[in-house]
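As they're listed, the protein sequences go chains A and B. Sequential numbering of the first sequence, starting at 1450, is according to the numbering used here. Sequential numbering of the second sequence, starting at 6, is according to the numbering used here.
Since the hints were made in silico from the structure, they are not lab data.
To spell it out: a stretch of chain B is covered by chain A in this simulated footprint if at least three of its residues, at any positions, have a beta carbon under 8 Å from a beta carbon of chain A; those stretches are:
hint: 1; stretch: 92-99
hint: 2; stretch: 733-739
hint: 3; stretch: 777-783
Result set (SDA-like, lysine to any residue): computed pairs, CA atoms no more than 20 Å apart in a straight line:
hint: 4; chain 1: B; residue 1: Lys89; chain 2: A; residue 2: Ser1569
hint: 5; chain 1: B; residue 1: Lys498; chain 2: B; residue 2: Gln485
hint: 6; chain 1: B; residue 1: Lys355; chain 2: B; residue 2: Tyr278
hint: 7; chain 1: B; residue 1: Lys211; chain 2: A; residue 2: Arg1625
hint: 8; chain 1: B; residue 1: Lys357; chain 2: B; residue 2: Ser282
hint: 9; chain 1: B; residue 1: Lys614; chain 2: B; residue 2: Ile627
hint: 10; chain 1: A; residue 1: Lys1573; chain 2: B; residue 2: Ile128
hint: 11; chain 1: B; residue 1: Lys444; chain 2: B; residue 2: Lys476
hint: 12; chain 1: B; residue 1: Lys147; chain 2: A; residue 2: Glu1593
hint: 13; chain 1: B; residue 1: Lys198; chain 2: B; residue 2: Glu853
hint: 14; chain 1: A; residue 1: Lys1573; chain 2: B; residue 2: Asn60
hint: 15; chain 1: B; residue 1: Lys872; chain 2: B; residue 2: Gln375
hint: 16; chain 1: A; residue 1: Lys1539; chain 2: B; residue 2: Tyr49
hint: 17; chain 1: B; residue 1: Lys275; chain 2: B; residue 2: Phe248
hint: 18; chain 1: A; residue 1: Lys1582; chain 2: B; residue 2: Ile87
hint: 19; chain 1: B; residue 1: Lys162; chain 2: B; residue 2: Thr136
hint: 20; chain 1: B; residue 1: Lys162; chain 2: A; residue 2: Arg1625
hint: 21; chain 1: B; residue 1: Lys138; chain 2: A; residue 2: Arg1625
hint: 22; chain 1: B; residue 1: Lys176; chain 2: A; residue 2: Arg1625
hint: 23; chain 1: B; residue 1: Lys747; chain 2: B; residue 2: Phe724
hint: 24; chain 1: A; residue 1: Lys1634; chain 2: B; residue 2: Ile128
hint: 25; chain 1: A; residue 1: Lys1608; chain 2: A; residue 2: Arg1625
hint: 26; chain 1: B; residue 1: Lys79; chain 2: A; residue 2: Ile1564
hint: 27; chain 1: B; residue 1: Lys413; chain 2: B; residue 2: Gly470
hint: 28; chain 1: B; residue 1: Lys682; chain 2: A; residue 2: Arg1670
Chain A residues, not near chain B, derived (Cβ > 12 Å throughout):
hint: 29; residue: Phe1506
hint: 30; residue: Asn1532
hint: 31; residue: Glu1547
hint: 32; residue: Ile1549
hint: 33; residue: Lys1559
hint: 34; residue: Arg1588
hint: 35; residue: Gly1589
hint: 36; residue: Lys1608
hint: 37; residue: Glu1658
hint: 38; residue: Tyr1698
hint: 39; residue: Glu1699
hint: 40; residue: Trp1700
Note that the coordinates shown come from a computational prediction; the quantities given were computed from them, not determined experimentally. No residue lacks a Cβ here, since even glycine has one placed at the ideal position from N, Cα and C.
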Amino acid sequence: MKTIKTKLILFLIIFINYSNAQEIITIEYQNENNTDFPVRLKTILNCNTNNSVFTTFFGKQKKSKVSNEEDNSATISAETIDNYQVMNLKEKTLFSIENIDESIYKINEKLPLFIWQIESNETKKIDRYLCNKALVTFRGRNWEAWYTTEIPYSFGPWKFNGLPGLILEIYDETNRYHWTASNIKFNTKGDFLLDLKYNDFIKEVNLKEFVKKQEELVLEREKRIYSILPRGTEKVSEKSFRKGIEVNYEWE
Amino acid sequence: MNGNKLKLKIKINLIYYSALFLFSSIYAQDIKIIGVVKGNDNKYFLSNVILCPENSNSIISFSYTDEVGNFELKTNRIGKFILKISALNYETQIIEIELTDFSKSIVKNITLVRKAIELNEIIIAKEKPITIKKDTIIFNAKSFLQGNEQVVEDLLKKIPGINVSSDGTIKVGNQEVEKIMIDGDDFFEKGYKLLSKNMPVQPVEKVELYQHYSNNRHLKDIEKSNKVALNLKLKDDVKRQWFGNLQLGYGLVSENRYEVRSNLMNFGKKNKYYFLSNLNNTGYDAIGDINNLIRPFHFGEPASIGDNQSANTLLGLGFDTPNLEQKRVNFNNAEMVSLNSIFTISPKVKLKTLGFFNTDENDFFRNSFQSYSVGNTKFENTENFIGRKTQLTGFGKIDLTYDISKNKTVQYTGKFNSTDEKSSSDLNFNGELLNEKLKSKNQLFDQKLVYTNKFKSNKVVLFSGRYISEKTPQNYSANQFIYQNLFSENANKIAQTSENNMQFLGLDAHLLDRKKNGNLIEIQFGNQFRKDNLRSNFQLKNDESSVAEPLNYQNNLLYYTDDLYLNAKYSLNLKKFNLLTQIDFHQLFNNLKTDENTLNQTPLFFNPKIGLDWEINNKNKIITSYSLNKTNATILDVYTNYIQTGFRSFSKGTGSFNQLDASTVAFNYTYGSWGDKFFANAFVLYTKNHDFFSTNTLVDQNYSQSEKINIKNKDFLTFSSNIDRYFKPIASNLKITFGGSKSNYKNSVNNSDFREVKNISFNYGLELRSGFRGIFNYHIGSKWNYNEVITTITNSYTDTMNFLDLSFVMNDKFNFQIQTERYFFGNLDKQNNEYYFMDLEARYTIKENKLTFSLSGNNLFNTATYKNYSITDISVSKTEYRLQPRYLLLKMEFRF
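Using the sequences and the accompanying hints, generate a full structural model.
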């Protein structure tokens, strides 16, 4: 039996080309990611003027299904591959690489426009950098970003872009998602090339299709788990809500 | 997609710069600032141009330069501003400008001075609202409070990663928390909802989440644990306040029914109090509320020496109840109060106390008909039984913990229990009226001292010592003499006093060593001494005077067992295998003293065990084990003369020492896992008792007298299996269960030769449960149960149980469930072989965690009695029990 692992070999190679003296900077963010279990993930942003590749490393999260007979509880978590967000400001494109169970998707979407509120007097220092505060509401969450104009790249973690400087810290108001820069490397000069190699498992979809697929799966799993419960356990109320980074979408 | 490989290349070309970043507000009347930025080395590069008000860091407009250094910036404001131009490897330049005229464009050409970044790498250190240490995540309560939180649950809902379900179950990810502690102290264990739903949120400073949690902190990282637990750290200047909840229930349109439950708490930094009470006559076991406080059950944890030691009670009045829910069959009137406290005497010393009083009155109603058939002996008995039991229990427990240092702890636990039980029965036995009286007492005194030393990060040693003293005196009398076939004396009453007085002293040293590769070595060395004194006195009486004390019905013996043991356990973790090997050496010193003689015995033996867990792949798992186990005889196996154990039963032990050998093989196979579309599990267990205690029984209409005998070979085989299959089109899960058991042994009845007894049983069931998203859900199922006993004759029967549960969740505030059940007994006559039950539970929440009303309807069909059918190797019985009649209980629950 082929396990998911053998299918999910993805390579990310950043080639350094010294002939072009293009400034690339590499920022490592600590991500407190709290969708299910509070975890700290390593994330890395490579960017220059127009292009960025943002990687979230899920590498160590193993597929685990632990059932506990003492209290009839079960923990199910699916394996997640390293996720990527790749942006090109010039061509206004954004795609992500994510998986649902054993399928890998390349998810295309139009480069989202962030309407940042930047007129704030609030500043704080993050290490040596004076950071300005900016607010934005994006797909159902309210975000607070701290960016520094001293590093004139308009990127940040995940899909965030469009500020007059690099985002060093960003979190949503519930603190469910929180990125903080922990390491900045300058002068990694050269081109970079994202080379994704995988077998024919990758499916190219648009964001709307992907979201639909994902929700169908969650719904199905919820039904299944409720229906397997022993007698005497009752569902007393039902609230289902999205708890991912994106809570609602433009088309909804 | 083209082909098997998809390559994406993003090439960065340095020539393109574009002014994409003009997101600042653009109005009809804008002032334009345009210009060119270049370096003093004549190079063009990306730089940002920012417009700020004078003396402020806020940004009102910004732009980026393009590939040849051009920028264009717009604003709709006038006044004095500064223009800030930054680029990597160049010095930031600040230019003051004044914007006065909307019609004019301002041109600013800027040259930046090259200044290469000295550092190639910057490492940023920063404080965060969430601190993650290894296995501990600390949340600052302040960072997550939004102001509208009332109770702890409201705070936990706001904390990312912690999920609170609508019934208050708290999960981290998908795993339920083990407990919620307050400053490391715990009253509630899994009953934490009492805390989270009632405790005000203000005193909480930090919420700590522990992963891989161990109840004994020194065992962290040594024992395997998937548990998670929460700890609430209180503020240092916390103000004491009393809080809690009250549940009141009263019967509507029915006789006097009530349920009162209250919880009252007060937590300070130093002392914590928890007071609770429960009064009910709805069949609810009041002590159940505090069971986990009395005996925190931590299965398989070290330092559990003596946990399995208790004194025996020998005689019971036959207060058995059928296998139905307690609320149907328990006629009670319970009152329980309990006070619990924790005192932090110093940062290293903590005292925990618990005490409760419980009184209960239980009534029992049973009519039974038994038909015996053994060889040529055949007779029938009818019993109409009404019984009453009143019980008073007082219990106290003290835990004293002293942390000598970070790695060393001494813990003392002392327990005291006193139970007084008075029972009586009115029994119509074959037309004869019998009145029984029984007084039982239990006195327990239990002391335990445990010293834990984690002398290395992966090694811990525990020294435990325990002393238990327990006695169970019983006083029994019956106002009829029905044993004319046993005793020739002229008597009209009987009486028996009996007492088992047990003393236990155990010392144990336990070393646990978790190797780096995950393998665990455990070595345990100790000595357990137990002394039993069993006395019984059986008298035949004529009115109040004793007529005779039959010789074979008196016991007075002392039984000493001393077990010197060394256990070694090794668990080897390989990638897909987990191999457990264990060997226990025992040197026993047994001594049995009766009035007549003294016996001694010093057997030496060992018990090996081997277990293998094999995860073949993600879907297939096998767990299997084999063990050879020799057990020592207990006082109940060795006593020499008969003791009365019921109104028509007597029994006695072997009068000599025995160790019994048994081999056990177990095998479990799992396909898939819980929550998969298809999930199956099969379990088989086979035990061979190389020798075992069988019985030699004399059966007579008015008595049954059985004697333990030690014979060879008993086989027992049991299996169970279940399959879950989810069907997507109907959003329902089908569960199929199939199981059974078979046993084979020999016994002797009425001095017959050894005869073979075979017990066979099968059960199978089908269930279908929906997982709909809407208001309505159903759960329907049937279970069949077949039993057969084969001796010289064969008896068998099949029972059926069907159920249909409907659930309606109208909204967040209102939901109700209806449960119906049908029981069918294949071997009972047509008038009495079918029983229907219906129960209703409705709940209406007026304000969450503040006020809730609920209505329970019990036994809505008002089924008055319940009769069941059972078989043994000598008899067939039909027993009818009285049930709690229909009632409606209106309950109110509020927090104060």
